[in-house]
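If you want the building blocks of each chain, they are given just below.
There are 2 protein chains.
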Amino acid sequence: MKRITIKDIARELNLHHSTVSRALRNDASVREETRIRVSNYARECGYQINMSALHLRGNKSNTLAVVVPNINHNFFSNIISVFTNLAFQNGYVVSVFQSNESSVQEGEIINALIKNNVAGVIASIAMDTINPAHFELLKQYRIPLVFFDRICHGIAVPKVTVDNYSALLEVVNILARKGCTRIAHITGGSKMNVFKDRQRGYLDGIKQNKLTYVRKEEIVASFDIDTGMQVAGKLLSEDPVPDAIICDSHFLVLGAIFKIKEKGLKMPDDIKLVGFGDNPYVQVTSSKMITVVQPDEAIAEAAFDLLLRKLENREDDIIEDRTFSVKIVDNAELIT
Amino acid sequence: MKRITIKDIARELNLHHSTVSRALRNDASVREETRIRVSNYARECGYQINMSALHLRGNKSNTLAVVVPNINHNFFSNIISVFTNLAFQNGYVVSVFQSNESSVQEGEIINALIKNNVAGVIASIAMDTINPAHFELLKQYRIPLVFFDRICHGIAVPKVTVDNYSALLEVVNILARKGCTRIAHITGGSKMNVFKDRQRGYLDGIKQNKLTYVRKEEIVASFDIDTGMQVAGKLLSEDPVPDAIICDSHFLVLGAIFKIKEKGLKMPDDIKLVGFGDNPYVQVTSSKMITVVQPDEAIAEAAFDLLLRKLENREDDIIEDRTFSVKIVDNAELIT
DNA sequence: AAAAATAATACACACGTGTGCAATTGAGAT
DNA sequence: ATCTCAATTGCACACGTGTGTATTATTTTT
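Chains as they are written, first to last, in the numbering used here: chain A, 1 to 336; chain B, 1 to 336.
Hints may be right or wrong, so weigh each one.
Copies of one chain are not kept apart here, so a pair can be met inside one copy or by any two copies together.
Capping the alpha-carbon separation at 30 Å, the derived lysine-lysine pairs in BS3-like fashion look like this [what the hints assert, rightly or not]: (1) K115 / K263; (2) K216 / K115; (3) K139 / K7; (4) K2 / K288; (5) K60 / K196; (6) K139 / K2.
None of these hints come from the bench; they were simulated from the model. Since we're looking at a predicted model, the values are computed, not measured.
Input sequences plus hints: build the corresponding full structure.
Printed below as a string of structure tokens:
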């Protein structure tokens with residue numbers, strides 16, 4: 001029960017394996033009759049090309065890689081889902097890698113990518129990645145790379161992002177219009193573009209609306225429910241208490257909701273809560289919050305598109321960035 | 001800027017590439033001094049082994065595949081996340097494939113798996129997969145396969161499942177104990193083990209509790225919010241109206257919540273809602289529902305464990321199944 | 001110092017595929 | 001029947017790696 005190769009087919013049909021190879025690739029130099037004979041027999045015996053051999057021969061593979069901090073975060077699993085469908089439709093296979101927010105693991109992943117001859121990579125970097133040296137390594141090996149969402153600025157590759165600055169600016173504007181004057185912001189380390197931009201937007205929003213409330217930003221290192229509870233709890237116990245909290249992550253929001261309920265505050269009357277991501281649960285919960293919804297599908301499509309273009313053109317001087325704007329949904333207005 | 005191979009190293013160090021190969025693999029037959037010389041130089045010039053060549057040479061790869069209906073469903077992305085970490089720690093790389101609930105696409109995926117020489121596969125089958133012929137193909141190619149969650153019965157491979165029968169039996173018991181008498185069940189096509197088992201559990205629960213309410217089961221073909229709204233709407237407009245609805249999927253629950261709120265019913269007093277999956281939002285929402293929580297991490301670990309065992313032992317006659325019991329969480333009792 | 005034994009390295013081949021080039025076949029033209 | 005040219009197929013090699021075997025280098029033994 002050995003695997004069938006073109007050599008097996010050649011032997012069976014009294015041909016040379018090179019002829020079989022050409023026949024299967026519809027090379028014009030092979031006679032019509034032979035081509036049909038080969039393709040028929042190949043179908044009959046269930047021949048499947050050996051990609052490993054093809055990769056070795058051509059120094060290129062049909063494997064794309066997705067590198068993300070966490071596969072099971074809503075945003076990233078949406079990206080992977082869309083990206084995988086697109087890739088598969090175009091004859092590629094997708095391998096997934098998760099840095100677990102660790103720059104060290106990210107480095108190990110890059111090595112694995114090189115070892116495994118991946119054809120191209122889309123990546124969203126780990127929280128503590130400041131030095132993009134390991135990504136430069138990819139470039140050295142001429143492996144096309146596209147950053148999305150969480151990007152490195154110090155490296156010349158196409159980037160797909162959302163306009164985080166405008167997102168937070170608009171959020172603050174909306175909150176101010178609703179009468180909020182004490183707007184807090186729970187965000188991440190300022191090294192990363194995502195948080196840096198949001199912090200700029202937040203600050204400008206505060207300024208533009210001439211809010212007297214002292215700028216209140218809490219920087220957290222990890223994004224989980226416990227951290228959200230801790231920080232939100234701290235904010236809510238201070239005087240004056242904020243009348244709005246913006247959470248830069250999904251899980252922080254959950255912690256905040258806990259604490260808000262614990263304090264007996266009502267949303268959105270007593271306090272307004274803003275979160276990122278479009279978890280459909282938000283729409284049906286009675287915790288009427290405002291969500292910043294990112295165009296996941298469009299982001300994945302753009303990343304794939306940019307990567308594919310780099311894969312097809314051998315010119316690697318096209319460095320085109322794409323920025324998408326977010327949609328801000330006020331769930332208080334949405335549900336009856 | 002070419003990629004460094006063992007031949008390059010050999011040339012540089014005046015050795016034969018076979019000696020370099022042995023040195024890097026710590027073969028005892030190579031002199032200590034040479035081994036160090038080689039490994040030092042390899043490190044210096046950043047040598048990375050070419051996996052494609054290794055795969056070709058050894059007829060085996062370091063790539064594992066995960067085949068699921070949808071990557072972006074909470075349960076599956078959790079599985080992929082855990083599985084990927086385990087795989088990477090053990091030197092494997094994980095490719096993901098999504099059938100989009102289509103048996104046809106599943107077939108194409110299997111072909112891709114064979115083409116790409118994946119070392120092993122864990123899979124959860126598509127909704128309309130009755131005939132597991134394409135999975136048999138994997139067996140023919142001696143590619144180890146482990147089913148999880150949604151399994152095929154007609155094929156002899158290890159299976160990792162949850163005890164869906166007991167889950168629904170217990171759910172009905174809990175509901176009955178709470179005084180429910182008109183318990184409805186929104187489930188999927190009965191061909192699949194997951195739904196078949198739950199339907200058995202539901203029916204036995206109805207019987208054991210001697211409920212007079214006519215068994216009310218709605219079978220749906222797709223699992224999305226719209227379907228949930230439609231079916232839940234239908235149930236709620238009938239007379240008598242159910243006092244409990246069990247939803248076999250995450251998204252069905254969302255639709256049901258919509259309709260329940262639309263009718264002005266309160267949970268859990270007017271009606272009790274049961275859903276699958278442990279989306280953390282459930283814990284903070286005021287829609288006090290009961291959730292059937294599956295041990296995602298344990299399932300992924302078991303699947304990996306079984307697969308790894310098959311990969312290491314060449315004996316492929318170990319067909320050991322693992323079944324996990326679910327945890328039923330009453331969120332009404334959880335939150336203040 | 002020569003022979004034997006052992007250690008260390010080199011050689012050749014295989015894995016499956018694709019491609020440049022040579023060889024063969026066939027047909028048409030003279 | 002011979003020549004020409006095109007159509008078709010075969011041959012040889014390369015991609016990077018690992019391993020059995022032959023070969024060389026070194027040490028030990030007598």
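Results of checking the hints against the structure:
no.	hint	result
1	K115 / K263	neither (53 Å within a copy, 58 Å between copies)
2	K216 / K115	neither (46 Å within a copy, 56 Å between copies)
3	K139 / K7	between (37 Å within a copy, 23 Å between copies)
4	K2 / K288	neither (61 Å within a copy, 57 Å between copies)
5	K60 / K196	neither (37 Å within a copy, 45 Å between copies)
6	K139 / K2	between (39 Å within a copy, 12 Å between copies)
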